[in-house]
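Asker: Chains as they are written, first to last, in our numbering: chain W, 1 to 126; chain Y, 1 to 126.
Possibly wrong hints are sitting among the right ones.
What the hints assert, rightly or not - Straight-line alpha carbon distances no greater than 27 Å define the calculated DSSO-like cross-link-like pairs of lysine-lysine that follow:
(1) W/K47 to W/K87
(2) W/K122 to Y/K122
(3) W/K39 to Y/K122
(4) W/K122 to Y/K39
In short, the hints are calculated from the structure, not lab data.
Residue strings, one per chain:
There are 2 protein chains.
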Amino acid sequence: MTPDELVRTFINHIEAKDLDAACALMSDDCEYDNVPMAKVFGIEAVKQILGPFTSGCSEINWVIVRQSATGDMTSGVVLNERIDRFKMGERWVELPLAGVFEIKSGKISLWRDYFDLATFQKAMAG
Amino acid sequence: MTPDELVRTFINHIEAKDLDAACALMSDDCEYDNVPMAKVFGIEAVKQILGPFTSGCSEINWVIVRQSATGDMTSGVVLNERIDRFKMGERWVELPLAGVFEIKSGKISLWRDYFDLATFQKAMAG
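Pulled out of the complex, with its shape left as it was, chain W reads as follows (with noise of 0.2 Å):
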């Protein structure tokens, strides 16, 4: 596997509602950091907050328009452009963002997400 196809496949299991298979790519220390929100360490702060959204939306569909990435699994980053799309109820809410992905020893390290906050408060809202 490379720094490109770990990225999918934990993507993939976040819209698979898998959070098991997606945190067990994630190193035990590793930060998720939301900019505009805030930043957590270790899995479980990380099930806290995706918890909540995988079981109170119906679908998760999370489109990378563009990826790339660099170095390898034992020390890689991946940049990615994504559009993550939640269906709450009968409607998908959309947040246009830009992830960071640093990989360490084979495992996801460091997840940061850059979006507008008023964006996604709006989009939720709907």
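Given the structure of chain W, go ahead and fit chain Y onto it with the hints provided.
Answerer: What follows is chain Y alone, placed relative to chain W:
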């Protein structure tokens, strides 16, 4: 020159406040998209947006934290994570963001920055 080098050179020109040199690296119909604000098209529009910034601050320092590129100068993509720093008077204004650049036929045809607008407004207000 590679796509990676093209974007680094582009940013160096902006840091030097040389908008003519920077815009010479963009295609005539380039898209410049500040995601939470607005997108514009064409070099004149880029200059109208960046001009007041470069003339309104004493120093510009855009730190590329991470950057990754794919493709070539005919058709390439460069993604980066940056801290864009502007010195206004005696104060440095900093904005963390992620940038997307598309290269077509040797020029930047798309420049898109993802950031939180409220963070930028707070930083500007000081």
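Asker: Taking 27 Å as the top limit, are the C-alpha atoms of W/K122 and Y/K39 close enough?
Answerer: The given pair, whose Cα atoms are some 19 Å apart, holds under the 27 Å limit.
Asker: Keeping to a limit of 27 Å between CA atoms, is the pair of W/K39 and Y/K122 held or broken?
Answerer: Holds - the C-alpha atoms of Y/K122 and W/K39 are around 19 Å apart, at most 27 Å.
Asker: Keeping to a limit of 27 Å between CA atoms, is the pair of W/K122 and Y/K122 held or broken?
Answerer: Holds - the C-alpha atoms of Y/K122 and W/K122 are around 19 Å apart, at most 27 Å.
Asker: Straight-line Cα separation of W/K47 and W/K87 no greater than 27 Å?
Answerer: With Cα atoms ~19 Å apart, W/K47 and W/K87 stay inside 27 Å; holds.
No hint from the list above goes unmet by this structure.
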